[in-house]
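J.: Letter by letter, the chains look like this.
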Amino acid sequence: MSYSLTRKDLEKLDERLVKAYKKGVEAIKEELMRFVEECVPYE
Amino acid sequence: MSEWKLTIENIGVFQGKHSFTFKEGLNIVTAPNAAGKTSLLKALKLLSDIPEEETAQYLNDFEETGSVLLQNSEKFFVSLTRTKEGVKYLKREKLLGDGRAKDVIFVMEGNPLVEYVERGSLENIVDWFRTFTDINRIEAIRDVATNLYRNLRNDYLDKKKVTEATLKEIQKTITELETDLRKINSRIVEILASKEFKEVKTRIDEIHRKIDELENEKAPIKRQITELSAETSILESRINEEDEEIKSLGDALHKKQKEQSEGAVRLAQLRSDLDAFKDRLRELERDIRGKPEIGELGLEKRVIDLENIIKDREELLTLERCPKCGRPIKKEDVRRELELLKDNLSKLKATLERKKIERNEVQNKILELEAEIKRVTEELVKEIQELQERINYHKKNKARYIKELNELTRKLEHLKLEADDIEKRIDSYRQEEKQIMSSVSKRLLDEYSLLLDEKKQKESQLSLLEQKMISLQKGEKELVILEKRINVLEQIVHYYNERIQIVKEKMRNELNKSLTEAFELLKLAEFEKIYIDENFELELRRKGGVYTKLDRLSGTERSLVAVIMAFVAKETFFKEIPFFVVDEVTNAMDDTRFRRLIDYIKDKVKVLIVTRNAPLVGEPRILTQEQIVH
Numbered sequence: 001m002s003y004s005l006t007r008k009d010l011e012k013l014d015e016r017l018v019k020a021y022k023k024g025v026e027a028i029k030e031e032l033m034r035f036v037e038e039c040v041p042y043e
Numbered sequence: 044m045s046e047w048k049l050t051i052e053n054i055g056v057f058q059g060k061h062s063f064t065f066k067e068g069l070n071i072v073t074a075p076n077a078a079g080k081t082s083l084l085k086a087l088k089l090l091s092d093i094p095e096e097e098t099a100q101y102l103n104d105f106e107e108t109g110s111v112l113l114q115n116s117e118k119f120f121v122s123l124t125r126t127k128e129g130v131k132y133l134k135r136e137k138l139l140g141d142g143r144a145k146d147v148i149f150v151m152e153g154n155p156l157v158e159y160v161e162r163g164s165l166e167n168i169v170d171w172f173r174t175f176t177d178i179n180r181i182e183a184i185r186d187v188a189t190n191l192y193r194n195l196r197n198d199y200l201d202k203k204k205v206t207e208a209t210l211k212e213i214q215k216t217i218t219e220l221e222t223d224l225r226k227i228n229s230r231i232v233e234i235l236a237s238k239e240f241k242e243v244k245t246r247i248d249e250i251h252r253k254i255d256e257l258e259n260e261k262a263p264i265k266r267q268i269t270e271l272s273a274e275t276s277i278l279e280s281r282i283n284e285e286d287e288e289i290k291s292l293g294d295a296l297h298k299k300q301k302e303q304s305e306g307a308v309r310l311a312q313l314r315s316d317l318d319a320f321k322d323r324l325r326e327l328e329r330d331i332r333g334k335p336e337i338g339e340l341g342l343e344k345r346v347i348d349l350e351n352i353i354k355d356r357e358e359l360l361t362l363e364r365c366p367k368c369g370r371p372i373k374k375e376d377v378r379r380e381l382e383l384l385k386d387n388l389s390k391l392k393a394t395l396e397r398k399k400i401e402r403n404e405v406q407n408k409i410l411e412l413e414a415e416i417k418r419v420t421e422e423l424v425k426e427i428q429e430l431q432e433r434i435n436y437h438k439k440n441k442a443r444y445i446k447e448l449n450e451l452t453r454k455l456e457h458l459k460l461e462a463d464d465i466e467k468r469i470d471s472y473r474q475e476e477k478q479i480m481s482s483v484s485k486r487l488l489d490e491y492s493l494l495l496d497e498k499k500q501k502e503s504q505l506s507l508l509e510q511k512m513i514s515l516q517k518g519e520k521e522l523v524i525l526e527k528r529i530n531v532l533e534q535i536v537h538y539y540n541e542r543i544q545i546v547k548e549k550m551r552n553e554l555n556k557s558l559t560e561a562f563e564l565l566k567l568a569e570f571e572k573i574y575i576d577e578n579f580e581l582e583l584r585r586k587g588g589v590y591t592k593l594d595r596l597s598g599t600e601r602s603l604v605a606v607i608m609a610f611v612a613k614e615t616f617f618k619e620i621p622f623f624v625v626d627e628v629t630n631a632m633d634d635t636r637f638r639r640l641i642d643y644i645k646d647k648v649k650v651l652i653v654t655r656n657a658p659l660v661g662e663p664r665i666l667t668q669e670q671i672v673h
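Chains as they are written, first to last, in my numbering: chain X, 1 to 43; chain G, 44 to 673.
These are computed hints drawn from the structure, not numbers from a lab.
Be a bit skeptical, because a hint or two may be false.
Unchecked claim - Calculated pairs, DSS-like style, for lysine-lysine (alpha carbon to alpha carbon, straight line, at most 25 Å):
1. X:Lys23 with G:Lys321
2. X:Lys29 with X:Lys8
3. G:Lys618 with X:Lys29
As the list claims (entries may be wrong) - Chain X stretches covered by chain G per the calculated footprint, using a threshold of three residues with CB under 8 Å from any CB of chain G:
4. 3–13
5. 17–23
6. 26–34
Glycine included, each C-beta is placed from N, C-alpha and C at the ideal position.
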């Protein structure tokens with residue numbers, strides 16, 4: 001049922017979010033959703 | 044004991060190549076003012092990942108390239124070059140820290156932490172700590188992730204609740220319908236077993252067998268239709284989602300494009316300003332340096348020439364007769380001329396100084412304008428490009444979903460035709476059955492007919508509910524996806540909470556431990572403890588537990604606090620960096636306090652470099668004045 005993230009996954013995500021942070025809250029939200037959809041796609 | 048060799052070329056006031064050696068332990072750099080102490084430290088600082096837009100203040104004003112090399116067993120290297128766009132990095136091999144380290148390694152002019160402590164500005168210190176530890180960013184991301192997690196979770200719980208209630212309701216209705224159908228079927232069996240029906244029973248049985256066969260043929264087709272219908276509605280909702288995303292990105296793109304077209308006017312203005320400043324810079328350069336190729340003298344050369352003439356005249360005053368013609372020297376005339384020449388020289392020097400100041404201002408303005416032009420052009424284009432890429436991504440998704448939907452719709456149409464055909468054949472059998480039944484008594488026939496209608500109606504209801512059940516079960520799969528996504532967000536929130544915990548607790552504890560130890564060892568009678576609370580606010584306690592404020596401490600006390608705070612922050616966050624550098628800050632401290640401070644630091648750091656106007660008696664490792672070249 002669960003999807004397990006490694007420390008490396010989270011650090012890579014953090015690098016993406018550092019860039020998004022400079023663009024504002026909406027950009028962080030979009031980047032987070034994109035990451036979540038990549039981890040758990042519809043199909 | 045290992046040595047660190049520093050080789051500087053064309054950095055700060057240094058022109059050409061100069062080398063210095065730092066030994067492990069304490070290195071005190073003593074020299075008079077303007078001898079190049081700060082330039083020496085700036086050269087080291089250049090190795091600590093300085094932003095490129097700040098490098099102009101490091102390269103010597105009269106040189107086109109410069110470099111710094113620091114080596115013992117490791118090798119750190121940076122080189123700079125002057126370009127039309129300003130000073131740029133040419134090469135960077137290995138650096139001291141990640142750009143943040145410079146604030147805690149180099150306690151010198153321009154260090155924000157030292158400046159805030161010396162000003163007693165608590166608010167700025169808190170901001171500095173929050174930015175330095177990255178806590179602002181980490182908390183902002185954690186908050187966004189937490190909100191997303193909560194929204195998604197609420198959405199999931201609502202959907203789950205509705206799905207479960209609907210499923211329960213449908214299940215109940217299906218059970219009722221199945222009970223009714225059992226009763227109807229049993230009555231039909233009774234009627235068919237009656238005497239009147241027996242005569243036509245053989246044919247009726249055959250018709251029923253045919254109908255059963257057709258129903259069996261129809262059932263999987265109906266199931267496929269139900270499944271495909273559910274998939275179709277999911278695809279339609281995904282297409283809608285993509286449409287919404289494309290629309291919102293399109294709006295953002297439109298906004299950025301509008302900004303870009305408005306920016307064109309601004310860009311033209313910026314470029315025209317830039318050209319004007321560049322022209323002015325050329326004029327100033329020409330005024331200062333002249334144009335030797337056409338024999339035009341600049342202010343610098345004129346100052347030197349005038350200084351030489353003055354020197355000649357001063358020499359004449361020491362003589363009785365002219366060394367060239369042998370005539371007696373009229374000293375009164377020479378003195379008057381000398382006065383005039385000196386007056387001219389001081390005016391010329393003032394003009395030169397003014398022009399140099401203006402040149403620096405113009406150079407800074409050019410850098411600012413170039414950075415602004417870069418921002419207006421490159422960043423906006425990049426943002427527009429990103430938005431277009433995202434729109435294309437969603438358009439591709441939409442096109443894929445539409446293609447899948449068309450395929451499903453075609454399959455669905457085909458299946459519906461098949462189902463209709465079977466239905467027609469069933470109807471024709473039922474018509475035949477009715478015809479046969481017309482020979483049976485009206486009352487029984489009416490009842491039989493009613494039962495068949497009722498059976499058909501209930502079966503149709505049952506089929507609809509079964510379709511709905513399948514559709515809901517598909518929806519349950521989406522719920523599973525949602526649940527997994529919530530789980531991913533939960534892990535992200537946990538990761539950032541952990542990082543906040545580490546920064547707020549572990550690092551703060553380290554800082555406080557080192558601060559307490561430093562104050563105990565330094566035996567500062569005035570105040571016994573400086574403490575950073577969980578919001579990174581500073582608390583200062585005078586002896587006897589009396590709290591005080593930073594701005595109530597004396598200037599020397601504040602300098603001391605600044606050096607210690609920078610040092611413990613360096614030890615907490617960048618322990619691996621072997622250097623700690625203190626420039627001028629300690630000049631106002633008396634020798635006892637100064638010695639206590641450096642004794643405390645020098646045992647903890649590999650290479651401690653301190654600049655000071657006056658030497659410290661008895662200190663063995665000193666970088667002497669002779670080594671400072673300017």
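J.: All the hints need checking, so say for each whether the structure fits it.
T.: Structure-based check of all given hints:
1. X:Lys23 with G:Lys321: The hint is violated at about 33 Å.
2. X:Lys29 with X:Lys8: At roughly 20 Å apart (the allowed maximum being 25 Å), Lys8 (chain X) and Lys29 (chain X) satisfy the hint.
3. G:Lys618 with X:Lys29: violated (35 Å)
4. 3–13: holds (count 5)
5. 17–23: Coverage by chain G holds for the segment 17–23 of chain X (3 residues, Cβ < 8 Å).
6. 26–34: n = 4 at 8 Å, threshold three: holds.
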